[in-house]
Amino acid sequence: MPVKINEYLAAGKAVVSTDFPTIREFNAQHNVLSATENSSDKFLKAIEDALRLPKDSETIRRRREVAALCDWNIQLEAMSRVIQNKLDHNKGEG
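In the working numbering, the protein residues as written are 1 to 94.
Hints may contain errors.
Claimed, not checked - Computed spacing ranges between beta-carbons, pair by pair:
hint, residue 1, residue 2, range
1, K42, V82, 33 to 43 Å
2, V82, N31, 23 to 33 Å
3, H89, E25, 17 to 27 Å
4, T59, V3, 15 to 25 Å
5, L44, P2, 11 to 21 Å
6, P2, M79, 12 to 22 Å
7, D19, N90, 30 to 40 Å
In case anyone wonders, no lab produced these hints; they're calculated from the structure.
Think of the CB as a built atom: it goes at the ideal place given N, C-alpha and C, for glycine as much as any other residue.
Let the sequences and hints guide you as you build the complete structure.
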(Lines of atoms letter the chains of each structure in order from A and count residues from 1; the text may use other names and numbers.)
(Lines give C-alpha, C1' and ligand atoms only; values in the text may rest on other atoms or scores of the structure.)
Protein backbone atom coordinates (compact mmCIF):
# COMPACT_ATOMS: atom_id res chain seq x y z
CA MET A 1 0.00 0.00 0.00
CA PRO A 2 1.34 3.47 -0.78
CA VAL A 3 2.86 5.12 2.30
CA LYS A 4 1.07 8.41 1.59
CA ILE A 5 -2.30 6.74 2.24
CA ASN A 6 -1.22 5.81 5.74
CA GLU A 7 0.09 9.33 6.31
CA TYR A 8 -3.26 10.83 5.30
CA LEU A 9 -5.14 8.39 7.54
CA ALA A 10 -2.79 9.20 10.44
CA ALA A 11 -3.78 12.84 9.98
CA GLY A 12 -7.44 11.79 10.11
CA LYS A 13 -8.06 12.82 6.51
CA ALA A 14 -10.45 11.22 4.04
CA VAL A 15 -8.55 9.31 1.36
CA VAL A 16 -9.37 8.73 -2.29
CA SER A 17 -7.29 6.31 -4.32
CA THR A 18 -7.43 4.69 -7.68
CA ASP A 19 -8.61 1.12 -7.39
CA PHE A 20 -5.94 -1.58 -7.51
CA PRO A 21 -5.56 -4.95 -5.75
CA THR A 22 -3.62 -3.76 -2.70
CA ILE A 23 -6.12 -0.96 -2.09
CA ARG A 24 -9.06 -3.34 -2.53
CA GLU A 25 -7.57 -5.78 -0.02
CA PHE A 26 -6.78 -3.02 2.48
CA ASN A 27 -10.24 -1.50 2.15
CA ALA A 28 -11.96 -4.88 2.48
CA GLN A 29 -10.29 -5.17 5.89
CA HIS A 30 -10.66 -1.60 7.12
CA ASN A 31 -13.22 0.26 4.97
CA VAL A 32 -11.63 3.67 5.57
CA LEU A 33 -10.97 5.01 2.09
CA SER A 34 -12.66 5.56 -1.24
CA ALA A 35 -11.38 3.68 -4.27
CA THR A 36 -12.35 4.64 -7.78
CA GLU A 37 -11.57 3.75 -11.36
CA ASN A 38 -8.56 5.36 -12.99
CA SER A 39 -10.45 8.04 -14.88
CA SER A 40 -10.31 11.75 -14.17
CA ASP A 41 -14.11 12.16 -14.08
CA LYS A 42 -14.63 9.32 -11.61
CA PHE A 43 -11.65 10.35 -9.49
CA LEU A 44 -12.94 13.93 -9.27
CA LYS A 45 -16.41 12.65 -8.31
CA ALA A 46 -14.86 10.44 -5.59
CA ILE A 47 -12.98 13.46 -4.21
CA GLU A 48 -16.17 15.52 -4.16
CA ASP A 49 -17.93 12.66 -2.32
CA ALA A 50 -15.04 12.34 0.15
CA LEU A 51 -15.26 16.03 0.96
CA ARG A 52 -18.81 15.39 2.15
CA LEU A 53 -17.82 12.48 4.43
CA PRO A 54 -18.23 12.94 8.18
CA LYS A 55 -15.49 14.89 9.94
CA ASP A 56 -16.53 13.99 13.47
CA SER A 57 -14.04 12.86 16.10
CA GLU A 58 -15.09 9.20 15.84
CA THR A 59 -14.40 9.10 12.08
CA ILE A 60 -11.03 10.76 12.55
CA ARG A 61 -10.21 8.39 15.44
CA ARG A 62 -11.05 5.37 13.27
CA ARG A 63 -8.78 6.58 10.45
CA ARG A 64 -5.94 7.15 12.90
CA GLU A 65 -6.53 3.75 14.48
CA VAL A 66 -6.17 2.06 11.10
CA ALA A 67 -3.03 4.06 10.35
CA ALA A 68 -1.53 2.91 13.65
CA LEU A 69 -1.89 -0.71 12.47
CA CYS A 70 0.58 0.09 9.70
CA ASP A 71 3.17 1.57 12.05
CA TRP A 72 6.68 0.50 11.03
CA ASN A 73 7.42 -1.00 14.44
CA ILE A 74 4.33 -3.19 14.20
CA GLN A 75 5.26 -4.18 10.65
CA LEU A 76 8.81 -5.06 11.76
CA GLU A 77 7.50 -7.18 14.63
CA ALA A 78 5.14 -9.05 12.28
CA MET A 79 7.93 -9.71 9.76
CA SER A 80 10.25 -10.84 12.56
CA ARG A 81 7.63 -13.35 13.76
CA VAL A 82 7.25 -14.75 10.24
CA ILE A 83 11.02 -15.12 9.89
CA GLN A 84 11.37 -16.69 13.34
CA ASN A 85 8.55 -19.15 12.61
CA LYS A 86 10.25 -20.14 9.36
CA LEU A 87 13.59 -20.60 11.14
CA ASP A 88 11.94 -22.68 13.87
CA HIS A 89 10.17 -24.79 11.26
CA ASN A 90 13.43 -25.39 9.37
CA LYS A 91 15.20 -26.46 12.60
CA GLY A 92 12.59 -29.18 13.07
CA GLU A 93 13.33 -30.55 9.60
CA GLY A 94 17.10 -30.70 10.09
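- Message: Flag every earlier hint the structure violates by its number, smallest first.
- Response: none
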